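Assemble the complex: chain A is given as a structure, and chain B with the ligands must be docked to it using the hints.
Single-letter residue listing:
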Amino acid sequence: MAKPHPFHKRLIKEYTSIQKNKLPGIKLIYNDDQLINYIFQIIILNNEEIYKPDVKYYLSIIITNEYPVDSPQVKFISYSEDENTELSDIPLHPHIYSNGHICLNLLGEDWTPACSIESILLSIQSMLNNNQLLTRPPDNDSYIKHAPLNPKQSKFIYHDDNV
Amino acid sequence: MLNFDEDDNISFEYDEEEEEEEDDEEDDDTNIEADVEDSDDDASSFAFESDDNDHAENYKSNTTSNNNNQLDTPISKHLRDDSSVVGCNGTLYLPWSIEQFIQIKFLDALDKLKTFNLYGCSDDDLLIMLQYKKWQQEEVVNEFFDNHDKFYKKCGLLLGKDTNNQFEIVKNFSCFICCEDYKSTEVYSLTCNHQYCLKCYHHYINNEINNGRLITCIEPDCKFVIPHKDISHMYSLIESKHSVIIVEKTLLQNPLLIANARELINSKITYKWCPATDCSSFTELSISDVSCEAQKQSDLKNSNDISKVPIVGCFENHEFCFNCGYENHLPCPCWIVKKWIKKCEDDSETANWIDANTHTCPKCHTSIEKNGGCNHMTCRKCKYEFCWICFNKWSEHNNNYSCNRFRDDQKEEEIRRNKSRQTLERYLHFYKRYSIHETSMKGDKKTLRKIDEVTKIYMEDRRSKNEINNLSWIDIEFLPEAMRSLQNGRKTLKWTYCFAFYLASSNFSQIFETNQDYLNKSVEDLSEVFEKIMDKKNDDKVGTILKNKIKIINLSELILRRQKTLIKSAEENLLNGLLKFEID
Ligand SMILES: [Zn+2]
Ligand SMILES: [Zn+2]
Ligand SMILES: [Zn+2]
Ligand SMILES: [Zn+2]
Ligand SMILES: [Zn+2]
Ligand SMILES: [Zn+2]
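Respectively, the protein sequence lines represent chains A and B.
Residues in the first sequence are numbered consecutively from 1, following UniProt numbering.
Residues in the second sequence are numbered consecutively from 1, following UniProt numbering.
The shape of chain A in the complex, shown without the other chains (with noise of 0.2 Å):
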């Protein structure tokens, strides 16, 4: 069996509070016995208009070794619960982009080590309930071309946060 986390107690008491704290819309609906791997099932309660409230959305979140100093990798993925439902979309958002990388400040420059993972959780569903647009980045073609696996490797210029 791998090594620990060296913050596994860390990530246990997350993972108790995500268990316990269940957040409206969101639902853990795997993870690894590590705690390091996580895929989150989120839907779009508030926000009829832009996002129908029937419709899933995949998020995955992966702990780095330097997890809390460091932000985890998440992005949206296509995935399907099983095998007669198909996979998901990526959420149009003029800051998620196709291959379902999230340009969001809590995910570089504003993550602290006191943020979680359920901030970022919650920060990814006000983000999508405040939307007002269903278009990707500006970029996405071009960034989508060179874009690396791992989102953290991209240097995101962060868009205006008022869209």
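Among the hints, erroneous ones may be present.
Under 8 Å between C-beta atoms, here's a sample of chain A residues computed to sit facing chain B [unchecked claim]: (1) F7; (2) R10; (3) K13; (4) P68; (5) P113; (6) A114.
To be clear, the hints were calculated from the coordinates, so they are not data collected in a lab.
All figures in this text were calculated on a predicted structure; none of them were measured in a lab.
Even for Gly, the Cβ is constructed at its ideal location relative to N, Cα and C.
Just chain B with the ligands now, kept in the frame of chain A:
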């Protein structure tokens, strides 16, 4: 090696005393220690109290005229002696240490800012403001008087109130970051009183430090900025965790200031880090016009004029090429070096079989390991003397040092048939010699370090017995010079194989090879003298040094002469087209 010549200048040709490839830490330690001692005097700058700060005094001259553009002022103005150093090809440069840079660019700015008596600002505040304003103290003053309320806020400072930053030991503490429950632990908090354990804070700062920004409280959205002094203290605490005595870091050793300095240094093309491993100094090109310099550099790209290769030295006396950033690679022009390095990387697998350190004796096949630098080997078992490079009997090429040359004895036709094999063999011939001399440089260095130790111990011993007259420093003054000449000679020799690999054969290439042979011979001779002195069986090492004094001096001068001759003649013959490179 460094200890002999503290007063030496860094200015002259081939005046380097250390090699790039550091395989051992020992010798550089001497230097570091010296630095630490120096900066201990500077504890004053940490406490911000006293003005009679050594470094400040030393570097401070003449700064007033450059207020507006502090970071862009030519540093020659700040250095102890105003003038640039001249490299062996006439390049003007200034060697820097990070400490000097921090002192002059940051701490002198702080001293100057202090004279403005900004109301209510502690030294901690001033440093934060300065870093916020990228060390332009004029801008700090302007913005302070413009709207100090706003400026304070922008810098994450608290106006009018005393700061309450605390390192304390707390009982029954649960850290929100690591989620450990401590019975008792050290925590840090800023005025906001957001407490986190010291380990987490240290972790956090370590991660933030390289992005060049001021570092705020861990709590998201809390804008309080951690003062430099606290960062110094935190690192001191963490680093001396297991010892009773806490060695406080001075501001010259402040991790945030060092990171900030590194960033500024990286961002300017007139600065370049010394390529030697374990060397953290850098060199500034003394030029008046950057665009003119850019032109010069682009001219260098394909030029065979090796008199233009900008060889500079660093604060620790390592020589390197400012253009390509490699060690002093003369007689090779930069573009050949680039090609060679690339080739060596690409072919590293093919060349892997060359093990520069172990071979078997060509006569009795006993396995022999080479420790020193000298390539004249004597088998311990059968006493057969041979050349480590070509495996021939040593006596056979003592006068006619032909083991450097690559000769193909095959007939024309055969050559054509075996073209690719031929190319590979040719490459391996030169690569092997190149890498053996690289390894030998390390071997020489080990030997030289031991000699250095032995003489020092001897001198100490004499001194303690009051037998000072028996041997004085003057008697062994020739040693560092000789050591340097051996190291630099071997380095030039190493690069001659890169040169020769690309050289088109002609009558003049034979002259080059002859010069190479001469240099090779004198380098091996001196290397052997040193190695013999340090032979385990020799129990009067210092005596042998003195006995061989004349020989050592002569050989070292010979190396120097031959090295110069080789480079000079390569330079001339490349320029007049008598030597040509052949690139396929
Ligand atoms: Zn902690
Ligand atoms: Zn705070
Ligand atoms: Zn150096
Ligand atoms: Zn160069
Ligand atoms: Zn033998
Ligand atoms: Zn030989």
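Verification of the hints:
no., hint, verdict
1, F7, "holds, 6 Å"
2, R10, "holds, 4 Å"
3, K13, "holds, 4 Å"
4, P68, "holds, 6 Å"
5, P113, "holds, 5 Å"
6, A114, "holds, 5 Å"
The structure is consistent with each of the numbered hints, conforming to all of them.
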